[in-house]
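So the sequence lines, in the order shown, correspond to chains A and B. Each residue of the first sequence is one higher than the last, beginning at 1 in the numbering used here. Each residue of the second sequence is one higher than the last, beginning at 1001 in the numbering used here.
Please note: incorrect hints may appear among the correct ones.
To be verified - Pairs of lysine-lysine, DSS-like flavour, derived with a Cα cap of 25 angstroms:
1. A/Lys265 - A/Lys279
2. B/Lys1130 - A/Lys185
3. A/Lys171 - B/Lys1184
4. B/Lys1190 - A/Lys283
5. B/Lys1174 - A/Lys279
6. B/Lys1099 - A/Lys214
7. B/Lys1177 - B/Lys1190
8. A/Lys154 - B/Lys1177
9. A/Lys284 - B/Lys1130
Hints are computed from structural coordinates only; laboratory data are not their basis. Computed from a predicted structure; not experimentally measured.
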Amino acid sequence: MNGLNLLDDQKKFRLGMEIFLNPPEFSVGTTPSEVIFGEDKMKLIHYIPIVEKPHPIPILIVYALVNRYYILDLQPDKSVIKKLLEEGFDVYVIDWGYPSGADRYLTLDDYVNGYLNNSVDKIMELSGVENITLLGVCQGGTFSVMYAALHPEKVKNLVTLVAPVDFDTDKGILNIWAKTLDVDKIVDYYGIVPGDFLNSAFLLLDPFRLMIDKYVGMFDRIEYNPDDTTCQLRNEDYIKNFLRMEKWIFDSPDQAGETFRQFMKDCYQNNLLIKNEMKLNGKKINLKNITMPLLNVMAEFDHLVPTDTSKSLNEAVSSSDKETLVFPTGHIGIFVGSKSQKEVCPKISLWLKPRSLLNGKTEEKTVQAYVELPEPAEEKTKEQRKNNRRSKVNKK
Amino acid sequence: MSESDGLSMEKSGFESTREFFDMWLKVYNATTGRLVEMPAIGPAREKSEKMMKGFSTFVNLYAAGMDSSSNFQSVFMDAMHKVQEKTATDMEGEISPEKYKDFYNIWMETYSETFKEFLKTGHFASDMGKLNSHLMDFQKYNREMLEENYLKPMNLPTKTEIDEINKELYILKKTVKELSRQIKELKENK
Chain A
1 MNGLNLLDDQ
11 KKFRLGMEIF
21 LNPPEFSVGT
31 TPSEVIFGED
41 KMKLIHYIPI
51 VEKPHPIPIL
61 IVYALVNRYY
71 ILDLQPDKSV
81 IKKLLEEGFD
91 VYVIDWGYPS
101 GADRYLTLDD
111 YVNGYLNNSV
121 DKIMELSGVE
131 NITLLGVCQG
141 GTFSVMYAAL
151 HPEKVKNLVT
161 LVAPVDFDTD
171 KGILNIWAKT
181 LDVDKIVDYY
191 GIVPGDFLNS
201 AFLLLDPFRL
211 MIDKYVGMFD
221 RIEYNPDDTT
231 CQLRNEDYIK
241 NFLRMEKWIF
251 DSPDQAGETF
261 RQFMKDCYQN
271 NLLIKNEMKL
281 NGKKINLKNI
291 TMPLLNVMAE
301 FDHLVPTDTS
311 KSLNEAVSSS
321 DKETLVFPTG
331 HIGIFVGSKS
341 QKEVCPKISL
351 WLKPRSLLNG
361 KTEEKTVQAY
371 VELPEPAEEK
381 TKEQRKNNRR
391 SKVNKK
Chain B
1001 MSESDGLSME
1011 KSGFESTREF
1021 FDMWLKVYNA
1031 TTGRLVEMPA
1041 IGPAREKSEK
1051 MMKGFSTFVN
1061 LYAAGMDSSS
1071 NFQSVFMDAM
1081 HKVQEKTATD
1091 MEGEISPEKY
1101 KDFYNIWMET
1111 YSETFKEFLK
1121 TGHFASDMGK
1131 LNSHLMDFQK
1141 YNREMLEENY
1151 LKPMNLPTKT
1161 EIDEINKELY
1171 ILKKTVKELS
1181 RQIKELKENK
């Protein structure tokens, strides 16, 4: 019996290797979209609405500079963006791009008052509205908070998703580490801070699980059941999901040095934002200027942005209409975990819908172009894939 | 080496290495370290002074690296002892695949938790901060030497020069954007 189990493990490993040797095609960010505006390396992406009359107030998703926005549209059945479209929203997202040496002097002000502000203006122009909903994710949530405080007239609703604003905590390892970093030396040497430098810090958070157990677990989850014809498909689906996540985790853009310098020093080291002492281009960011409805969404088991770093926001703003949602999930699970589609997105939608109407009006706008989202493309058969042995990644 | 020399061979190999290194560092700082910090003189004083400073930069990095390695080694030993304690009785008798799996799970859980505990201490953060700082100093020094001794004599562009151009470009783009914005505003107000 024991010997048979060992043999099964070997078979599972062999099967896993066979799948890797004939890698399945996988894609990320497949929800139909178009680039409607660009500035330097930043692109503003508009997702094609899938209802005839979307809610009038569009949503702009602001993602972090670390990693890429497509975690919100990782695959059709794990897509926050697709879910929002299905709920009838008009959705935009900022793709910050991959900064290069020429971008080392870009400041936080350039990102918030430049790229983000210009994107908001463009959406308002195209939608014919006077303000929009900002949905800031992680560091993008921090940017959104800064923006909402500086340009409150352009933000109708503010939704923050696992966004840190109060950095003075010892519950997050990153918060502890950041305090001892000599940020000036890092920026002065690198100029553009390598994404791999940050990735190595993320891996160090739990090195054994992230560098060993994750890969052991991948092979362990392979099913070996020669009598089950659907088993192979389930295995391939599992590997595809694994590879999508693996791609996202290590798709880490480098960071514009001056932006990294100010973010680390003002936020992580001196915690100026929550104290209303942080400045962008000489202008103080006063969180009391935030008067619009606020939805602050957190993940209970977030090891990167502990809830302590997010919950202070509700107290710091002047909004009378404010709500907090905490889900029993982690920092990434909130986008791609089982609760994301079933609980997180529906609750955000429920909160947003009555607040996404034009002031004093209840009519919804009609868009000229909308599409019905296709069913996920039929996966190629094993035979077809064998003819195309090289892994091909369709990256937007 | 005897106990009277301050080194104990009863301790683990790494602790002895650490003690030896600490002693070496003291001797270095009192002797060679002082020599390399001496002001240079003569026609090539600028270059030689910069080059000599590289020794200190490297020694600082090496010392910080030793501190970090030593701490990691202690945590490894601690985790290993914990695994031994947890598995001492379980691993007796016939070794089955289930037992291998159990051992792996215990090993993973113990190492992961022990390291996570260590990594969230201020002590580790401080060590990592120092190591990183010395690494940046060392890398910066190497690049300066590369620029000074190879790129400039060969009339090749240096990173410093490229950064200067990047800065000019950034300021220029920002000015153009601001002027474009002002022109647009003026047009709209007409």
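Tell me if the straight-line CA distance from lysine 284 of chain A to lysine 1130 of chain B falls inside 25 angstroms. violated (32 angstroms)
Given pair status - lysine 283 of chain A, lysine 1190 of chain B, alpha carbons within 25 angstroms: violated (29 angstroms)
Under the criterion that the straight-line Cα-Cα distance not exceed 25 angstroms, is the pair lysine 1099 of chain B, lysine 214 of chain A satisfied? holds (20 angstroms)
Does the alpha-carbon distance linking lysine 1177 of chain B and lysine 1190 of chain B stay inside the 25 angstroms limit? holds (20 angstroms)
Distance restraint between lysine 154 of chain A and lysine 1177 of chain B, which requires alpha-carbon spacing of 25 angstroms or less: holds (21 angstroms)
Between the alpha carbons of lysine 171 of chain A and lysine 1184 of chain B, is the straight-line distance 25 angstroms or under? violated (48 angstroms)
Given hint lysine 185 of chain A paired with lysine 1130 of chain B - CA-CA distance at most 25 angstroms: holds (11 angstroms)
Is the hinted pair lysine 265 of chain A and lysine 279 of chain A satisfied, with a Cα-Cα distance of at most 25 angstroms? Roughly 12 angstroms between the alpha carbons, so the hint for lysine 265 of chain A and lysine 279 of chain A holds.
Within a Cα-Cα threshold of 25 angstroms, do lysine 1174 of chain B and lysine 279 of chain A meet the stated pairing? Holds, at about 19 angstroms.
Consistency note: the structure conflicts with the earlier hints numbered 3, 4, 9.
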